[in-house]
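Chemist: Chain by chain, the residues:
Number of protein chains: 2
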Amino acid sequence: MSIPTANKPFTIQDVARIAGVSAMTVSRALNTPQKVAPDTLARVQQAVAQTHFVPNAMASGLRRSRARLVAALLPTLVGPVFQEMVEALDRSLHDRGYQLMIGQSGYDQAREDDLLRATIQRRPDGIVVTGVVRSEEGRRALRASGIPVVETWELTATPVDMLVGFSHAQIGAAVVDYLHQRGHRHIAMVSADDQRALTRIEAFDAQVASLGLSRIAPAFTRPPSTMGSGRQGLRELLARNPEVTAVFCSSDMLALGASIEARELGLQVPAQLAIVGLGDQGVAADASPPLTTVRIDGTQIGRLAADMVVARAEGGSVSPSVVDLGFSIIQRQSS
Amino acid sequence: MSIPTANKPFTIQDVARIAGVSAMTVSRALNTPQKVAPDTLARVQQAVAQTHFVPNAMASGLRRSRARLVAALLPTLVGPVFQEMVEALDRSLHDRGYQLMIGQSGYDQAREDDLLRATIQRRPDGIVVTGVVRSEEGRRALRASGIPVVETWELTATPVDMLVGFSHAQIGAAVVDYLHQRGHRHIAMVSADDQRALTRIEAFDAQVASLGLSRIAPAFTRPPSTMGSGRQGLRELLARNPEVTAVFCSSDMLALGASIEARELGLQVPAQLAIVGLGDQGVAADASPPLTTVRIDGTQIGRLAADMVVARAEGGSVSPSVVDLGFSIIQRQSS
DNA sequence: TTGTAGGCGTTATCAC
DNA sequence: GTGATAACGCCTACAA
Numbered sequence: 001m002s003i004p005t006a007n008k009p010f011t012i013q014d015v016a017r018i019a020g021v022s023a024m025t026v027s028r029a030l031n032t033p034q035k036v037a038p039d040t041l042a043r044v045q046q047a048v049a050q051t052h053f054v055p056n057a058m059a060s061g062l063r064r065s066r067a068r069l070v071a072a073l074l075p076t077l078v079g080p081v082f083q084e085m086v087e088a089l090d091r092s093l094h095d096r097g098y099q100l101m102i103g104q105s106g107y108d109q110a111r112e113d114d115l116l117r118a119t120i121q122r123r124p125d126g127i128v129v130t131g132v133v134r135s136e137e138g139r140r141a142l143r144a145s146g147i148p149v150v151e152t153w154e155l156t157a158t159p160v161d162m163l164v165g166f167s168h169a170q171i172g173a174a175v176v177d178y179l180h181q182r183g184h185r186h187i188a189m190v191s192a193d194d195q196r197a198l199t200r201i202e203a204f205d206a207q208v209a210s211l212g213l214s215r216i217a218p219a220f221t222r223p224p225s226t227m228g229s230g231r232q233g234l235r236e237l238l239a240r241n242p243e244v245t246a247v248f249c250s251s252d253m254l255a256l257g258a259s260i261e262a263r264e265l266g267l268q269v270p271a272q273l274a275i276v277g278l279g280d281q282g283v284a285a286d287a288s289p290p291l292t293t294v295r296i297d298g299t300q301i302g303r304l305a306a307d308m309v310v311a312r313a314e315g316g317s318v319s320p321s322v323v324d325l326g327f328s329i330i331q332r333q334s335s
Numbered sequence: 001m002s003i004p005t006a007n008k009p010f011t012i013q014d015v016a017r018i019a020g021v022s023a024m025t026v027s028r029a030l031n032t033p034q035k036v037a038p039d040t041l042a043r044v045q046q047a048v049a050q051t052h053f054v055p056n057a058m059a060s061g062l063r064r065s066r067a068r069l070v071a072a073l074l075p076t077l078v079g080p081v082f083q084e085m086v087e088a089l090d091r092s093l094h095d096r097g098y099q100l101m102i103g104q105s106g107y108d109q110a111r112e113d114d115l116l117r118a119t120i121q122r123r124p125d126g127i128v129v130t131g132v133v134r135s136e137e138g139r140r141a142l143r144a145s146g147i148p149v150v151e152t153w154e155l156t157a158t159p160v161d162m163l164v165g166f167s168h169a170q171i172g173a174a175v176v177d178y179l180h181q182r183g184h185r186h187i188a189m190v191s192a193d194d195q196r197a198l199t200r201i202e203a204f205d206a207q208v209a210s211l212g213l214s215r216i217a218p219a220f221t222r223p224p225s226t227m228g229s230g231r232q233g234l235r236e237l238l239a240r241n242p243e244v245t246a247v248f249c250s251s252d253m254l255a256l257g258a259s260i261e262a263r264e265l266g267l268q269v270p271a272q273l274a275i276v277g278l279g280d281q282g283v284a285a286d287a288s289p290p291l292t293t294v295r296i297d298g299t300q301i302g303r304l305a306a307d308m309v310v311a312r313a314e315g316g317s318v319s320p321s322v323v324d325l326g327f328s329i330i331q332r333q334s335s
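Heads up: the sequence lines are chains C and G, in that order. In terms of my numbering, the first sequence opens at residue 1 and continues consecutively. In terms of my numbering, the second sequence opens at residue 1 and continues consecutively.
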């Protein structure tokens, strides 16, 4: 076997030469086989097979101004939070002949702008962003690029383009109401501290106040949200505020950790401590006790985002271009 | 604001015109700023800022035959198994100016070949595959492409190109030895049924036999490996073989589920049932009790794969081109 | 049904 | 230090 040095791969020209046709005919055989005579087609296919020719997508994308590629930008791949959405996006896009390209931004602003620029460079047919783009720089770059954009997982009055999300403020308030109705008077949060989480916290605190309860400062966790940080968060919270009888965790993994920690501390869930998670990504239902959680339909977000992006990439228009998907509280045994 | 139709984004020509220079000078200003006069540079930068110009990576990639892109192909993004590796890959590549593109293949053969082709089309500077490529078709396509390839997470006598992995057979045997030494005589597996898992099972069974123990059929789970399937797997296993005193789970999420289920069944871990996981991705250490697990250094795999791919993409050679990273059994309280 | 010419946006090369 | 030219590999438009 030869040393795998940069022996240039075959081009459409090479294949054409081997098949005894023009490059254009090879292109047709590959893209619109019905427009090629059967025996010509066979000769081309034979040459393609023989050379293992794979067309160069940079060249065809350049010529067509269509990359058949959609980019998804996520803060992190760690944890189950965005998996449903990515899964659904991937499936939907694949079915329509688009490839999904995933980029990780971290929860860091500079990194996000970097990634945004790198993504725009590839001229994908669409960009799906997790969360809303906050930097003016990033927003302008996106708009100037002319690429269809879907922001997700959050609402905003000023989307860059399209949006499919839900209200974190509503979630914060709804969870307070839910726990209050179930008799809890000392309720608190174990939460990440990203923008979406802060929005929930603000609404949570406001609702606590409007019900005449006293505000308890949340225990903040560092990203990524893991079982371990959930355990630590709950420990800190209860050390500081032992009167707490109910916690709302900003993700199911945190809630799972909190549940484990509660047991370690000798607290019965839900009798002595009620726990509510966020996301509902399987772990919640599979835990013991099964966790009450705020369900976010990631699959639906992914599907809608794919629909929107593809529609616009193919010249259609999308309406409504802003969708609030809402959420629901799934009651299980942890509360 | 204008309707976001396909108003063509600016090209390097537009920027050149605005800055009053040639396209070539803009290109230099962007790529080798030290080679242009300071005031020219300033004029170009001003024009770039004004237009929000972002260079077209398809065009530059085509011209340079370098995409500054590395593709990682994963069976799934669900679950923590490959996260460490992806995280490390992303970080290493980003630091060197490469972008990481992630593709999901599912555990499906046809889908994998599809994804391989789609990936080769983009002409990335390297491809990192999780697991070894099994289809002859896929292997040939990869070799013909001339793209540096790193297979990971597994060993094989016939790598496509480079490889950084570890021996699943050794793991299977080592876990049997470990549990046997700790006095267990009825040991079994709760396992996924992908190729790597099957290799572990085979070696596990062989070692069980060579120690004179009787073989117990594993409980198979469907991908993805979740806590829920771990719970179900253990339930099935114990229903069939109540004599089992130790289980080896093919991932930490399965082990976590098994641990939960054991508790539900009223079994003390580890007194009545020992549990060993695989992966060591945080959840193992954060569980209660903390889980004994076979540690795989995903970070190291990611880093090495990035090193290898970049070295080769930049014309260097890599040696050794096959690395066995090994594994270690981390003893915690579940065994 | 097939082929020829030209250009997508960028950069290597060589000339000034 | 800067610019003109050509070429990367493919496909649109048009011609045969």
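No lab work stands behind these hints: they were computed from the structure. There may be inaccurate statements among the hints.
[As the list claims (entries may be wrong)] If we take Cβ atoms under 7 Å as the criterion, some of the chain G residues that face chain C in the derived model are:
1. Pro9
2. Ala49
3. Val54
4. Gly61
5. Leu77
6. Val86
7. Gly97
8. Gln99
9. Ile120
10. Gln121
11. Ala144
12. Glu264
13. Leu265
14. Gly266
[Stated by the list, open to error] Non-contacting residues of chain C with respect to chain G, defined by C-beta distances greater than 10 Å in every case (computed):
15. Phe53
16. Glu87
17. Arg123
18. Glu264
19. Leu267
Cβ atoms here follow ideal geometry from the backbone N, Cα and C, with glycine treated the same way.
Chemist: Run every hint past the structure and note whether it holds.
Modeler: Evaluation of the provided hints:
no., hint, result
1, Pro9, "holds (5 Å)"
2, Ala49, "violated (10 Å)"
3, Val54, "holds (5 Å)"
4, Gly61, "holds (5 Å)"
5, Leu77, "holds (6 Å)"
6, Val86, "holds (6 Å)"
7, Gly97, "violated (10 Å)"
8, Gln99, "holds (5 Å)"
9, Ile120, "holds (5 Å)"
10, Gln121, "holds (4 Å)"
11, Ala144, "holds (3 Å)"
12, Glu264, "holds (6 Å)"
13, Leu265, "violated (11 Å)"
14, Gly266, "violated (12 Å)"
15, Phe53, "violated (8 Å)"
16, Glu87, "violated (7 Å)"
17, Arg123, "violated (6 Å)"
18, Glu264, "violated (6 Å)"
19, Leu267, "holds (13 Å)"
Hint compliance for this structure: hints 2, 7, 13, 14, 15, 16, 17 and 18 are broken, all remaining hints hold.
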